[in-house]
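**Q** As they're listed, the protein sequences go chains A, B and C.
Quick note: the first sequence, position 106, residue 106 per my numbering, numbers continuous.
Quick note: the second sequence, position 36, residue 36 per my numbering, numbers continuous.
Quick note: the third sequence, position 284, residue 284 per my numbering, numbers continuous.
Treat the hints with care, as some may be off.
[To be verified] Derived list of chain C stretches under chain B, where covered just means 3 residues or more per stretch with a C-beta under 8 angstroms from a C-beta of chain B: (1) 116 to 129; (2) 133 to 142; (3) 273 to 283.
In case anyone wonders, no lab produced these hints; they're calculated from the structure.
Cβ coordinates follow ideal geometry from the N, Cα and C atoms, glycine included.
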Amino acid sequence: MITNIIPVTLDTLLSKVGEIFLQKYRLITISCTDLGEYIDVLYHFDKNYEITNLRLRLERGQEVPSISSIYFSAVIVENEIQDLFGVPVKGLVLDYGGKMMLAEASPKAPQANCPAAAPAE
Amino acid sequence: MPPAYCLMPIMFTFVRTLFRNLSRKPATRTYPFTQREPFANFRGHLTIDPAVCIYCGICAKRCPANALVVAKSPKSWTLDPYKCILCSYCVEACPKKCMTMRPEHQRKDA
Amino acid sequence: MTRQTIIPFGPQHPVLPEPIQLKLVLEDKKVVGAIPSIGYIHRGLEKLAQQKDYIQSIFLIERICGICSFLHSMAYCQGIEEMMNVEVPPRANNLRIIWAEMHRIHSHLLWMGLLADSFGFESLFMEIWRCRETVLDIMEETAGGRVMLGVCTVGGVRRDIPPELIKKVLATCDELQAHFDHFIPSILNDYSVKQRTVGVGVLTKEVALERGVVGPVARASGVVMDHRVAKYGAYANFDVEPQIEQDGDCYARSKVRVRELYQSLDLVRQSVATLPEGEFNIPVKGNPDGEVISRVEQPRGEVLYYLRGNGSKFLDRMRVRTPTFANLPGLLAMIPGCELSDVPVIILSIDPCISCTER
Chain A
1 MITNIIPVTL DTLLSKVGEI FLQKYRLITI SCTDLGEYID VLYHFDKNYE ITNLRLRLER
61 GQEVPSISSI YFSAVIVENE IQDLFGVPVK GLVLDYGGKM MLAEASPKAP QANCPAAAPA
121 E
Chain B
1 MPPAYCLMPI MFTFVRTLFR NLSRKPATRT YPFTQREPFA NFRGHLTIDP AVCIYCGICA
61 KRCPANALVV AKSPKSWTLD PYKCILCSYC VEACPKKCMT MRPEHQRKDA
Chain C
1 MTRQTIIPFG PQHPVLPEPI QLKLVLEDKK VVGAIPSIGY IHRGLEKLAQ QKDYIQSIFL
61 IERICGICSF LHSMAYCQGI EEMMNVEVPP RANNLRIIWA EMHRIHSHLL WMGLLADSFG
121 FESLFMEIWR CRETVLDIME ETAGGRVMLG VCTVGGVRRD IPPELIKKVL ATCDELQAHF
181 DHFIPSILND YSVKQRTVGV GVLTKEVALE RGVVGPVARA SGVVMDHRVA KYGAYANFDV
241 EPQIEQDGDC YARSKVRVRE LYQSLDLVRQ SVATLPEGEF NIPVKGNPDG EVISRVEQPR
301 GEVLYYLRGN GSKFLDRMRV RTPTFANLPG LLAMIPGCEL SDVPVIILSI DPCISCTER
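Construct the entire structure; sequences and hints are all you get.
**A** This is how it looks when you write it as structure tokens:
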């Protein structure tokens, strides 16, 4: 079971990530899960083989701020979340505009459970 | 740890291998003409004994690749060899143990 | 100001086994920047895993990567076992280590061959790949598949290695060691090889930490990180010492992997020597519920599985973060400043596995 989960909100996310960055944590990845009612975002950080997680609850249609200005390695995974879940990420250092994993003709937001989450054509 | 002589600076490091290979047979086989005996445990292709099969369809339900189609009436058991991933999960699941995983690769002409 | 040229590198390129594109920004022959574009082989495996039951998913997950497949299934099974509170029999744990370390050997050999190929040493490439056949053959004989072993399952392993095959595994280890001693001087000491690898694609420790690289790439830059130290599975019984190099160039990355080859051989032998008798598989009842993070050290670095069950046989979420995914930002830091002709060697030195990255 996962221990060490710190809940964050959209407002406190960036300051908390900044705090963790200063403590020399390494960003492992960001996991995004579409639970139907809301989207659950987990930020995994590692230090000395111990995982620390930040949990963010994201309502439908909400934008998530990018942490790529703090951790550059978040660029790829945030672009992936933007592509596959249709969650807009704001402030990406390198923005592929939803075309990193997907091509022009591919289905929109394939991992989102609710079709309404897909951005309009 | 690599042995010490692996770390000595040598100029023509590959010459040894070269002379060794000159006196040896090729490592490869002329494949379709000479074939290696298959290992007994290898998962090569799936076969069924239709006399034992009770057409329960458990194998088709378990198949991760949806390669099997089983029908009760008329009795049929169909395997799509291009979909089959040779995991032998169906062989383990079969209540009658009527399927076997053969060690040879399936040949088109066989 | 020098004129800048942008040239595409890939998605099809002789050194790339899998498609990835890097847009290289050049000033004369010097590369000053690189922008990756991936997405050529996104297969939607994470989505598909949510539509298969948790046992069927094992076979799917093995196919995430065509090289470190067993370690993927091992990481996944460890996660599910933790979720369902299943205690794996000790024999199964040791058998897993044997196959996992064999996979590491075959993956590192594959990488070394490709590296030799990338700087044009074709005969070394063939020599290494011939040695790799030995590992593949013993895996075929013990597990029933050459790369897709399909032996790991929730609650243990699906096959036992009988005593006569155990002897053969040990004999293969000796054979492999003799092979290694033969070609490793060529990789480490050969003048022409050194010219292509020493000082090329340097990644300093600070940048390595900041970009979050993993595996041999991180270890070659002096970062002490090897998840086997965290004692998962039967690694609890063995002491694994991370192989560290300080230089951070392509040569250091080859050195780390060379030493890991010998280390893996040693671990196979230790695991065989301490192989306990008894069950290798226990039946598992029920469905996974809850969420779990499982991490395993793969040949390329640490892999993370985030699994979320809901009490049914289907998982709510199966998330994989593969090592190459974490190493890509590091690659972007290695490339600027190098010559165009060094780019293939640098890309190969992180051991890219693009199908893993995109799943």
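**Q** Now tell me, hint by hint, if it's right for this structure.
**A** Taking the hints in turn, this is what the structure says about them:
Figure legend: the region 116 to 129 of chain C, annotated as covered by chain B; annotation consistent (3 residues with Cβ-Cβ distances under 8 angstroms, at least 3 required). Look at the region 133 to 142 of chain C against chain B: 5 of its residues bring a Cβ nearer than 8 angstroms to a Cβ of that chain, three or more, so the hint holds. A count of 0 residues in the region 273 to 283 of chain C with a Cβ less than 8 angstroms from any Cβ of chain B is obtained; the coverage claim is therefore unmet, three being the minimum.
In the structure shown, a violation is registered for the earlier hint numbered 3 alone.
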